[in-house]
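Sequence order for the protein chains is A and B. If you count by this note's numbering, then the first sequence holds residues 1 to 438, one letter each, in order. If you count by this note's numbering, then the second sequence holds residues 1 to 358, one letter each, in order.
Hints are supplied without guarantee of correctness; some may be wrong.
Calculated from the model, a selection of chain A residues having no Cβ within reach of chain B, i.e. all distances over 10 Å [stated by the list, open to error]:
1) Ala46
2) Cys72
3) Gly90
4) Tyr181
5) Gly197
6) Arg220
7) Leu295
8) Glu296
9) Lys361
10) Thr377
11) Pro413
12) Lys426
13) Gln437
When the alpha-carbon atoms are kept at most 20 Å apart in a straight line, the in silico SDA-like pairs for lysine to any residue are as follows [as the list claims (entries may be wrong)]:
14) Lys252/A / Arg388/A
15) Lys112/A / Tyr47/B
16) Lys91/A / Met214/B
17) Lys427/A / Gly167/B
18) Lys112/A / Leu131/B
19) Lys427/A / Asp402/A
20) Lys308/A / Gln287/A
21) Lys427/A / Arg97/B
22) Lys112/A / Ile179/B
23) Lys421/A / Val96/B
24) Lys396/A / Lys416/A
25) Lys91/A / Asp157/B
26) Lys91/A / Ser45/B
27) Lys301/A / Asp157/B
28) Lys129/B / Gly253/B
29) Lys426/A / Met209/B
30) Lys213/A / Phe142/B
31) Lys426/A / Phe142/B
32) Lys117/A / Ser177/B
33) Lys427/A / Pro302/B
34) Lys421/A / Asp157/B
35) Lys159/A / Val210/A
36) Lys416/A / Asn156/B
37) Lys252/A / Ala193/A
38) Lys112/A / Lys348/B
39) Lys24/A / Gly94/A
40) Lys252/A / Gly369/A
Simulated from the structure, these hints should not be mistaken for lab results. These numbers come from a predicted model, not from an experiment. Every residue gets a Cβ at the ideal spot worked out from N, C-alpha and C, and that includes glycine.
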Amino acid sequence: MKIRNIVLAGVLAAAGAGAFAQAKEQFFPGLPYRTGPYAPNGVPWANGYADYLKLTNARGGINGVKIVYEECETGYDTARGVECYERLKGKHGGATVFQPLSTGITFALTEKAPGDKIPLITAGYGRSESQDGTIFKWNFPLAGTYWLAADALVQTIGKKEGGMEKLKGKKVTLVYHDSPYGKEPIPLLQERAAQLGFNLQLLPVTAPGVDQKATWLQVRQAKPDYVLLWGWGVMNSTALKEAQATGYPRDKMYGVWWSGAEPDVKDVGEGAKGYNAVTMQHGAEPQSAVVKEILEKVHAKGEGTGPKDEVGQVLYMRGAMSAMLAVEGVRRAQERFGKGKWVSGEQARWGYENLALDQKKLDALGFAGVMRPISTTCADHMGSNWARVHTWDGKKWNFSSDWLQADEQILKPLVKATAAKYAADKKLTPRTPADCQS
Amino acid sequence: MFYRENGQYKTSYRADQQIFPIAQDRWAILLLIAAAFVVVPMVGSDYMFRAIFIPFLIMSLAALGVNILVGYCGQISLGSGAFMAVGAYAAFNFFVRIPGIPLLLALVLGGLCSSAFGILFGLPSLRVKGLYLAVATLAAQFFSDWMFLRIKWFTNDAPSGSVSVSGLQVFGMPVESPISKYLLCLSILVVLALMAKNLVRGAVGREWMAIRDMDVAAAVIGIRPMYAKLSAFAVSSFIVGVAGALWGFVYLGAWEPAAFSVDMSFKMLFMVIIGGMGSIMGSFFGAGFIVLLPIFLNQFLPVLGHALGVDISTAGISHSELIIFGALIVWFLIVEPHGLAKLWSLSKQKLRLWPFPH
Chain A
1 MKIRNIVLAG VLAAAGAGAF AQAKEQFFPG LPYRTGPYAP NGVPWANGYA DYLKLTNARG
61 GINGVKIVYE ECETGYDTAR GVECYERLKG KHGGATVFQP LSTGITFALT EKAPGDKIPL
121 ITAGYGRSES QDGTIFKWNF PLAGTYWLAA DALVQTIGKK EGGMEKLKGK KVTLVYHDSP
181 YGKEPIPLLQ ERAAQLGFNL QLLPVTAPGV DQKATWLQVR QAKPDYVLLW GWGVMNSTAL
241 KEAQATGYPR DKMYGVWWSG AEPDVKDVGE GAKGYNAVTM QHGAEPQSAV VKEILEKVHA
301 KGEGTGPKDE VGQVLYMRGA MSAMLAVEGV RRAQERFGKG KWVSGEQARW GYENLALDQK
361 KLDALGFAGV MRPISTTCAD HMGSNWARVH TWDGKKWNFS SDWLQADEQI LKPLVKATAA
421 KYAADKKLTP RTPADCQS
Chain B
1 MFYRENGQYK TSYRADQQIF PIAQDRWAIL LLIAAAFVVV PMVGSDYMFR AIFIPFLIMS
61 LAALGVNILV GYCGQISLGS GAFMAVGAYA AFNFFVRIPG IPLLLALVLG GLCSSAFGIL
121 FGLPSLRVKG LYLAVATLAA QFFSDWMFLR IKWFTNDAPS GSVSVSGLQV FGMPVESPIS
181 KYLLCLSILV VLALMAKNLV RGAVGREWMA IRDMDVAAAV IGIRPMYAKL SAFAVSSFIV
241 GVAGALWGFV YLGAWEPAAF SVDMSFKMLF MVIIGGMGSI MGSFFGAGFI VLLPIFLNQF
301 LPVLGHALGV DISTAGISHS ELIIFGALIV WFLIVEPHGL AKLWSLSKQK LRLWPFPH
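Just chain B, with the same shape it has in the complex:
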C-alpha cells in the first residue's frame, strides 16, 4: 500500500539511473543512515558500541569487500584474512614509522598495500578457476601468517610479534571514546559502501558480472579478463584491508597474526554466502548473522534456561550456541540458497502488492 512507485515519473536519464529509483527506498536508506549517525549515539550504551556495533560495522565492511570479489566477480577467495592482516600491519607500520601521519591516511595506505598484495595473489585467477582458485588464494593466507610471524621488521621488532597502537585522532579530534570510534567506523563504511555500490552498477561492475556469469563469452564480447579479474581483486582487497586496519586499530587495539587467521577468511566467505552473493545489502545481513547471532545466543540461552528452571553451565551454553548456530546456517541455506538478501528482496516484492496480492 505504502511501498509503491505509482505516480513517480522519471523525466530525465539522471533520475532513471539513481541508486534507489523508488522514492520510498531512498527515504528509508537516508533515514537509516541519519538514525545511525544521530539516534544510535544518543541511546547506545558503552557495551553496545564496543562489543556489538563496532565489530558489526567493521565486519560488514570486510564482507562488502569479499562480496565484490566472490559475489560480483565470481572469484572464490580464501585469502581474505590475509588481505585484512596486510591492511592492518601496513597501516600499523605507516602509523608508527612516519611520525604525525594522519590516521585516515595511514588507513588508506594500508588499504593500498593490501590492494597490491591482492593483485599479486590474484594473478593465479587468470589461469585457474573455482575451487582451484580457492586453494591458490589460501596460499596468501599461509604466506601472510608466515610473513608477520617471521619478519620482525613488520612488527616493529616487538619481541613477541604482537603490536599495538594508541593515540588515535582524526582532524585533531581524539578517537578514544566508544562513540567516536563508532562514528569513525560508520563514516568509513558509508563512504566505501557508496563507492562500492557505484562501482558495481557502473561499467567495471558489469564487466565483473560478465566474467562471473561466463568468462569465455565475456572475452568474446571484448571484456579483458585480466583487467576485470585483477581490478576486482584490487578493489576487494582494498576494502578488506581497510576493514582489517580498523579491526586492529579500533576494535582490538593490540593484535597478533592469529587475529587474522584462516578462520577469519572462512567467516567472511560464510558472511557472503549467507548474506547473499552479489548484493551490497547482503554483506550487511551476512555480517549481522555471523557476528551478532552467536553473541545473542550466548546471552539469550542462560536467560531462557533460567526461565525454564535449568542452570546451564558455561561450556553447555557454548556448545549449544554452536549447535543452534550451525543448524540455523543449514536451515537458512535450505530455505533460501540465495542468501538473506534474496529474502529481503522477496519481502519487498510482496510488500508492493500488499494488501491485495493476486
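Extracted from the complex, chain A is given alone in its bound form:
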C-alpha cells in the first residue's frame, strides 16, 4: 500500500513537473521587415510590437506566463516570409500567433495556418473578406480592414460635401499601388460609387512608385474633386510631392493608414500640410498611458527596441496595439483553458474569436482614448468597425474627424459574397454553429 502511494506520488509529481515545464513561456514570433524598400514603415511597427511584449513581461507576463519573442527578417519577400514562418512555428514550444504584416505573406500563410493550427492576426490589413470567421477560421483582421478604411474615407468626403447624397456626380480618383494590397479597396469603392452616384477613376501606380509623373498628369486632366491615395512606402511621399508640383490641393487628398504615418509625410513637411489619412482607430499617441508606461518600464531601463523619440508615432502605435491584441487574446484563452497556463495556438484562436475588450480593460492597459472597445465572435473576426481621420499640419498628425462607423449594409453583403466565393473555389463548407462553440 505504502509503496503504491509512493509510486503514485512520484508519478503525480513527475506529471506536475511536466505540466510545469510546459507552462513556462508563451512564444510570440515576429515577421518584421527591418531592411529592404519598405523598412521605413516596417521598423517602427516592429519596434512597437517588441516594446509592448517587453512591457507585458515587465508587468508580470500574462497572468504570470512570460513571453518569449523572436524575430525573423522577411524583407517583405513572400518566399522569405514562408521560410521564416516554417522556421519559427515550432520553436519555444510552438508559436502562439503570427502577424505577417504583408499582403503577400498573409495570402501564403492563410493557406498554411489551418494545417498548422496557428491563428493569424492581420490588424488592419490582409484580406478584407477574412472578417467572415465562418469561412476564415484562423484569420483575424482585428479592428479594421481595407474595406472599412475605404468606407470611412467615402463617409468623410461625404460629410465634407455636406451629406452623402451630395456626392452624386462628383469625381473621385483612386491612386493605388498596383498590387493586391492596392486593389483591395476597389470592390467597395465601386459598390459605393454605384450607390451614391459618384464617378470613380482608377489610376494604378507601378511598384515601388518612384515615378508618378504620368499618373498626376492624368489627375491634372481629370480634375477630380477628391483623390484617395492607396500608397505604400516611398510611393506616398512621391505622390504628395507630385500633387504639390501639379498644384492639386492636399486637403482634398485622403490616404489609407499605410499612407498616413510620419515616414510618409516627413520628407514633404510643409508641402503635405492639409493632407488627410484614415486611421484604424489610433493615430500618433505620445500622450497615451501605454506610451508613458513603455518609456518608463522599458526605455528607461535601456531595453527599448528603437529610438526613444519614435515611441508613440503612428506605426509604432500600430505595432504596440497589434501586440496588445495578440496578448489579450491569450489572456482571454487562459480564462477558459486555465489561468496562468501556457496555451497552444489552437487555444489562443478561441481567445481571439471571443475577445471582449471593454473600455475598463482598455483603460487598465493604457489604451484609453487610443482605441474603442472590441469584441469578436465566430461570425465577425474584425470586432470593431470604427475609424477616424487625421490631418498633417506640417509637423504632426492631428485628428480632424469624429469616430466614423462603417456602413454595415455595404460591408456585410460584400464580405459575405467574397468569402462565399473563396469557399466555393476552395470547396470549403462554412463552419457549423457547433464548431463555433468549440
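We have chain A; now place chain B onto it with these hints.
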C-alpha cells in the same frame, strides 16, 4: 585510387554513349537519387522539407531551364520570371476552370503555355544578340507583370489579383504533407533533368551549342538558327514554366504577380552564372548557392554572434547576410569564373590521379 575507369572496357556503342560512362559516376548518381527518395523522407524534419528542400528542388528545376537557354544556347534572357509566372497562372487556370483535371496534366499544360509564350518572346533573338537580347526579353517580364495585374480573367476575377489553390492530388493520393510535396517535386525534377540531359547530348543540344559558340559558322554548316534558337526557348520556358507552377502550387500555395518579379529573373540568371553555364550539374549548385546560403547565413550568424558574446540585431543579421553573400559571389567568380560546376569537374579530375599526382 577509387575513382578510376581502369579496366572498364566498352564493348558496344551503347555502352560508350551512356550518360555516365564511368561506373563510379553511375553508381554515385543512382545512390544519390535513391537517398533522395528513400533516406531523406525518413530523416528530414518538417522545417527541412517545407523551407529548404522544396524551394531548393523547384529552383534547381528553374535554373536547369534557364541554363538550357543561357548556358547551352547562349541566348541571355531576363524574362525567366515571366515564364515562371505564365506557367503558374496557366496551370492555375486549367486547374480551377476544368473541374477534376489531374494535377500533373495541369502542370504540363502550364508548361506548354509558358513554352508558347517563350517562343513568342524568343522571336527577337533571331535578330538581336547578347545584351540587346537581354533587354528584349526583359519586355516579357514587364508584359507578364502587366497581364496578370490587369487582365482579371487570368486571376479568376479575384478582387485583389492574388490566387490560391488547394486540394492537390496525384493519382488519388493527396499532396498535403511536406513529404508528399517533396516527393512530387523530386519526381518531376528527376524526370525533367533526365530529359534535359538527353536533349543536350543529342542532336538538338549540339545545334544549340554550335549556335552559342558561333552562330554564323553554325549556319554555314547547315544548322537552321531559327529552329535552334526557338527550340531552345521552347524547351527552356517549358521547364521554367513547370517550375513556376510548382513554386505557386506547392511552395507558396497562394501567390500574387510580385512573386515572379524581375528579381526572380535576376536570381535565376545568377544561379546559372554562379553554378556554371552549360552544365546540368551546375544548375543544382547554383540553386543551392542562391537559395540555401542566405538561409544558412541568417541562421548561422546569430549562433556565431552568440558564441562570440555579441547580440546582433535582426536588421544587423540581415545586412551582414547580404554583405557576406555578395562577397562570396565576387570571390567565387574570381576564383572560378566558369562556376561551381567547373570546380566540381576539376576536383573529379584531381581525384582520378589521387593519391599519386604527377
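Now the hints, each set against the structure:
1. Ala46: Non-interface label on Ala46/A violated, nearest chain B Cβ at 8 Å vs cutoff 10 Å.
2. Cys72: violated (8 Å)
3. Gly90: Per Cβ check, Gly90/A is inside 10 Å of chain B; nearest 7 Å; violated.
4. Tyr181: violated (8 Å)
5. Gly197: Fine: 22 Å to the nearest Cβ keeps Gly197/A off the interface.
6. Arg220: holds (23 Å)
7. Leu295: holds (20 Å)
8. Glu296: holds (23 Å)
9. Lys361: holds (31 Å)
10. Thr377: Consistent with the label, Thr377/A stays out of reach of chain B, its closest Cβ about 24 Å off (over 10 Å).
11. Pro413: Answer for Pro413/A: holds, closest chain B Cβ roughly 14 Å.
12. Lys426: Lys426/A is in fact no farther than 10 Å from some Cβ atom of chain B, at 5 Å.
13. Gln437: holds (26 Å)
14. Lys252/A / Arg388/A: Holds, at roughly 16 Å.
15. Lys112/A / Tyr47/B: holds (13 Å)
16. Lys91/A / Met214/B: violated (55 Å)
17. Lys427/A / Gly167/B: holds (9 Å)
18. Lys112/A / Leu131/B: At roughly 41 Å apart (the allowed maximum being 20 Å), Leu131/B and Lys112/A break the hint.
19. Lys427/A / Asp402/A: Distance ~42 Å between Lys427/A and Asp402/A Cα, so the pair is violated.
20. Lys308/A / Gln287/A: holds (14 Å)
21. Lys427/A / Arg97/B: Satisfied, since the Cα-Cα distance of roughly 14 Å is no more than 20 Å.
22. Lys112/A / Ile179/B: Holds, because 15 Å separates the two Cα atoms, which is no more than 20 Å.
23. Lys421/A / Val96/B: OK: Lys421/A and Val96/B at ~13 Å, within 20 Å.
24. Lys396/A / Lys416/A: violated (38 Å)
25. Lys91/A / Asp157/B: violated (38 Å)
26. Lys91/A / Ser45/B: holds (13 Å)
27. Lys301/A / Asp157/B: violated (53 Å)
28. Lys129/B / Gly253/B: Judged against 20 Å, a Cα distance of about 37 Å means the pair is violated.
29. Lys426/A / Met209/B: violated (46 Å)
30. Lys213/A / Phe142/B: holds (19 Å)
31. Lys426/A / Phe142/B: violated (30 Å)
32. Lys117/A / Ser177/B: Holds, at roughly 14 Å.
33. Lys427/A / Pro302/B: violated (43 Å)
34. Lys421/A / Asp157/B: holds (10 Å)
35. Lys159/A / Val210/A: Cα-Cα ~32 Å, so violated.
36. Lys416/A / Asn156/B: holds (18 Å)
37. Lys252/A / Ala193/A: Holds. Lys252/A to Ala193/A sits at ~18 Å (cutoff 20 Å).
38. Lys112/A / Lys348/B: Not satisfied, since the Cα-Cα distance of roughly 43 Å exceeds 20 Å.
39. Lys24/A / Gly94/A: holds (12 Å)
40. Lys252/A / Gly369/A: Outside the cut-off at roughly 27 Å; violated.
Checked against the numbered hints listed earlier, the structure breaks hints 1, 2, 3, 4, 12, 16, 18, 19, 24, 25, 27, 28, 29, 31, 33, 35, 38, 40; every other hint is satisfied.
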